[in-house]
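Novice: The residues making up each chain are set out below.
There are 2 protein chains.
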Amino acid sequence: MHFCGFMQLFTKEKLRQIAIDVFCVMGSSTKDAALAADVLVNADIRGIDSHGVSRLVGYVGLWEAGRINMTPKVDIVRERKSTFTIDGDGGLGLVVAPKAMRIAIERAKEYGSGWGAIQNSNHFGIAGYHAMMALPHDMIGMAMTNATPFIPPTHSKQAMLGTNPIAYAFPTDKRRPLVVDLATASVARGKIEIAKREGKQIPKGWMVDKHGNTSQNVDELKDGGMLTPLGSLEELSSHKGYALGSLVDVMTGVLSGANYGKWVPPFVSFLPMLPNLPGKGLGHFVGAMEIEGFRPASEFKASMDHWIESFKSADRIKADQEVFVPGEKEYLIEEERSVNGIPLNDVVVKDLEGLGKKFGLSLL
Amino acid sequence: MHFCGFMQLFTKEKLRQIAIDVFCVMGSSTKDAALAADVLVNADIRGIDSHGVSRLVGYVGLWEAGRINMTPKVDIVRERKSTFTIDGDGGLGLVVAPKAMRIAIERAKEYGSGWGAIQNSNHFGIAGYHAMMALPHDMIGMAMTNATPFIPPTHSKQAMLGTNPIAYAFPTDKRRPLVVDLATASVARGKIEIAKREGKQIPKGWMVDKHGNTSQNVDELKDGGMLTPLGSLEELSSHKGYALGSLVDVMTGVLSGANYGKWVPPFVSFLPMLPNLPGKGLGHFVGAMEIEGFRPASEFKASMDHWIESFKSADRIKADQEVFVPGEKEYLIEEERSVNGIPLNDVVVKDLEGLGKKFGLSLL
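Taken in sequence, the protein lines are chains S and D. Read left to right, the first sequence gives residues 286 to 649 (this note's numbering). Read left to right, the second sequence gives residues 286 to 649 (this note's numbering).
If you are wondering where the hints come from, they were derived from the structure by calculation, not from laboratory data. Please note: incorrect hints may appear among the correct ones.
It does not matter which identical chain is meant; a pair holds if it fits inside one copy or across any two.
[Claimed, not checked] In silico BS3-like pairs for lysine-lysine, Cα to Cα no more than 25 Å straight-line:
{"#": "1", "residue 1": "Lys384", "residue 2": "Lys366"}
{"#": "2", "residue 1": "Lys547", "residue 2": "Lys597"}
{"#": "3", "residue 1": "Lys476", "residue 2": "Lys489"}
{"#": "4", "residue 1": "Lys299", "residue 2": "Lys642"}
{"#": "5", "residue 1": "Lys495", "residue 2": "Lys603"}
{"#": "6", "residue 1": "Lys614", "residue 2": "Lys547"}
{"#": "7", "residue 1": "Lys495", "residue 2": "Lys597"}
{"#": "8", "residue 1": "Lys547", "residue 2": "Lys603"}
{"#": "9", "residue 1": "Lys442", "residue 2": "Lys614"}
{"#": "10", "residue 1": "Lys297", "residue 2": "Lys642"}
{"#": "11", "residue 1": "Lys442", "residue 2": "Lys495"}
{"#": "12", "residue 1": "Lys394", "residue 2": "Lys366"}
{"#": "13", "residue 1": "Lys476", "residue 2": "Lys297"}
{"#": "14", "residue 1": "Lys459", "residue 2": "Lys547"}
{"#": "15", "residue 1": "Lys603", "residue 2": "Lys442"}
{"#": "16", "residue 1": "Lys603", "residue 2": "Lys507"}
{"#": "17", "residue 1": "Lys442", "residue 2": "Lys597"}
{"#": "18", "residue 1": "Lys299", "residue 2": "Lys635"}
{"#": "19", "residue 1": "Lys565", "residue 2": "Lys459"}
{"#": "20", "residue 1": "Lys366", "residue 2": "Lys565"}
{"#": "21", "residue 1": "Lys597", "residue 2": "Lys565"}
{"#": "22", "residue 1": "Lys384", "residue 2": "Lys297"}
Using the sequences plus the hints, can you model the full thing?
Specialist: If you want it as structure tokens, here you go:
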């Protein structure tokens, strides 16, 4: 986390109420608004600030542009026992994805596993939230989504893939659950913007300019610059990050009948949609697998604790530099913020005040 | 591909027969030997030379050390409709994994998807082979395995993860199938060894020394040096490669009841097994999903062609530098080698001659 400028602290409940108020005034049902708010605030409390209430302005922009349906009828359009496809009816991904995940969990109870492809949706927040919905059921959860094209394939200078995240959540016994949640980009755009604000040089490999060449000039992000796939540079296997992003794009976009590649609808309303869309909206893919179908859940969870303990006690490079397991840092932030509050920087606070004015709400 | 020293050309059939002869003399049934040989030779014809017949010497070494059962009874030990766990009975992964994949495909016909965790197995060759078994059934295939620990987690200097590959195969209509098959390491050990033979400097990020620090001295690979997770360096998000490797280790090792982390049995027979093993043998995870459960298969395959064509025609950085889609290069090599033969370098040829002498076979 990087705090810049003036910070204000909020409780989770306060941020949740702000998000609910905004979604309700946009026309959402109270139930859907509460669901969407829960996804957003879960990002804030876990320290993934870029995907929390700071995004409200973006959702409002898309809604004003007529790109989000606040009263979607989320329906199964095709199914085959453990698998199904959902039409999100142009709704908020924050609402559509958790509904699809609930169905996946129901299918997993019936068939051992459940897998849903989702078309006609929008940005779904943090992938980890949806994967983690499986945890209380002693299931492994997974979620993927495609996203605004901002990454060129290896050898290309055209943005064809989004940050396309992959998340898996694994239940544990006494330890915190293991949550893998990663964008298939080398770094998030937010990290480059923070470096810019702080006047720091970024490492070679974080971004390319509009010609596809490695660039360390952060100003180029606003002039056709793009992110890189995980791996960063061709010599460090950026083709693997490109392959992972492709895998996510096919599972979420092609399999569901959503858009894919350069046609994925951008999150920002000022960017136009491309013509000749091959599908509907944005795509997700979610899944749940019951542990009991593979191994007694108690045994698996004890082994997960053992796995985590063995990684936590792996020999360190520097004695004072801890080895973290995937998802651990987010749990640590959640524990800290639950006590001390969630910091929002002045830009986000101003954005929320602006939304309050726009809608005649006293949000803060 | 890098050819060093004297090269000899072989047909696919010849290499297949060599592998069958070796597996048979090790005690394999003719049927199992043919299956295992097919997996190996599929790697050779696709240009993944490190995973082809060059590995025969390694399998023989493990068998001589009593670590491979050549007449395994491969059985389902637990199941729940779309999910199951297989005990590989200490057999060759080359035999155990395709058998598990066949079951996954059967389950997918019945329930829309099929998922198998495999314990008590050994090295299974290229992950892509198993994933691609789903293609003729109009299914998406996937396969993962854990492997000899050779990668330290971020902040650690202890090898806790193998190259832990992930493979997904997607059927197409007129284009070659899209096959994602990648190790979650930054680069393969073989690539570093080739650089060493050729006296070339390796890029920063390919390996670390025994203290966990970045090293460009390839000699350190034999002195406790290790590979890095995809991402290569902490500043380029090596924690994401570490998270992906962890995801594979848990799905293959913990979920199945196999070994995981530092306890995964090494491929080379001269390295001892660690004491206090938490599971049985090495672990895999395979799966198959019927396209029809999500979308009409013909529609999906036409969209896959369109996806591939749009990526192939993405704007290039350099006009003469083609944009490849995942798995394309391997298909191109397969097409070339099917005509011209498969080159084996003199080290591999000598190894095979040595096996011939050992077993009293005229292999070449």
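Novice: Each hint: holds or not?
Specialist: Consistency of the hints with the structure:
When the C-alpha separation of Lys384 and Lys366 is checked against a cutoff of 25 Å, the pair qualifies both within a copy, at 17 Å, and between copies, at 23 Å. For the identical chains of this complex, Lys547 and Lys597 are inter-copy neighbours only, at 12 Å across copies versus 41 Å inside a copy, given an alpha-carbon limit of 25 Å. For a Cα distance limit of 25 Å, the shortest separation of Lys476 from Lys489 qualifies both inside one copy, at 14 Å, and across copies, at 22 Å. In this assembly of identical chains, Lys299 and Lys642 lie within 25 Å of each other by CA distance solely inside one copy; the values are 18 Å within and 77 Å between copies.
For the homomeric pair Lys495 and Lys603, the shortest alpha-carbon distance between copies (13 Å) is at most 25 Å, but the shortest distance inside one copy (39 Å) is not. Proximity of Lys614 to Lys547 under the C-alpha cut-off of 25 Å is restricted to the inter-copy arrangement: shortest distance 23 Å between copies versus 33 Å within a copy. For the identical chains of this complex, Lys495 and Lys597 are inter-copy neighbours only, at 19 Å across copies versus 41 Å inside a copy, given an alpha-carbon limit of 25 Å. Only between protomers do Lys547 and Lys603 lie at most 25 Å apart by alpha-carbon distance; the minimum there is 20 Å, versus 43 Å within a single protomer.
Taking identical chains as interchangeable, the C-alpha atoms of Lys442 and Lys614 lie at most 25 Å apart only when they sit on different chains, with a minimum of 20 Å there against 34 Å within one chain. Proximity of Lys297 to Lys642 under the C-alpha cut-off of 25 Å is restricted to the intra-copy arrangement: shortest distance 22 Å within a copy versus 72 Å between copies. Taking CA atoms no more than 25 Å apart as the test, Lys442 paired with Lys495 passes inside one copy only; the shortest distance there is 7 Å, against 38 Å between copies. For a Cα distance limit of 25 Å, the shortest separation of Lys394 from Lys366 qualifies both inside one copy, at 11 Å, and across copies, at 10 Å.
Within a single copy, Lys476 and Lys297 get their C-alpha atoms as close as 24 Å, which meets the 25 Å cut-off; across copies the closest is 49 Å, which misses it. Only between protomers do Lys459 and Lys547 lie at most 25 Å apart by alpha-carbon distance; the minimum there is 22 Å, versus 44 Å within a single protomer. For a Cα distance limit of 25 Å, the shortest separation of Lys603 from Lys442 across copies, 9 Å, qualifies, whereas the shortest one inside one copy, 39 Å, does not. In this homomeric assembly, Lys603 and Lys507 come within 25 Å of each other (Cα to Cα) only across copies, at 23 Å, whereas the closest approach inside a single copy is 39 Å.
Only between protomers do Lys442 and Lys597 lie at most 25 Å apart by alpha-carbon distance; the minimum there is 12 Å, versus 40 Å within a single protomer. Proximity of Lys299 and Lys635 under a CA criterion of 25 Å is satisfied intra-copy only: 16 Å inside one chain copy versus 71 Å between copies. Within a single copy, Lys565 and Lys459 get their C-alpha atoms only as close as 43 Å, which misses the 25 Å cut-off; across copies the closest is 24 Å, which meets it. Taking CA atoms no more than 25 Å apart as the test, Lys366 paired with Lys565 passes inside one copy only; the shortest distance there is 24 Å, against 32 Å between copies.
For a Cα distance limit of 25 Å, the shortest separation of Lys597 from Lys565 across copies, 22 Å, qualifies, whereas the shortest one inside one copy, 44 Å, does not. Within a single copy, Lys384 and Lys297 get their C-alpha atoms as close as 22 Å, which meets the 25 Å cut-off; across copies the closest is 50 Å, which misses it.
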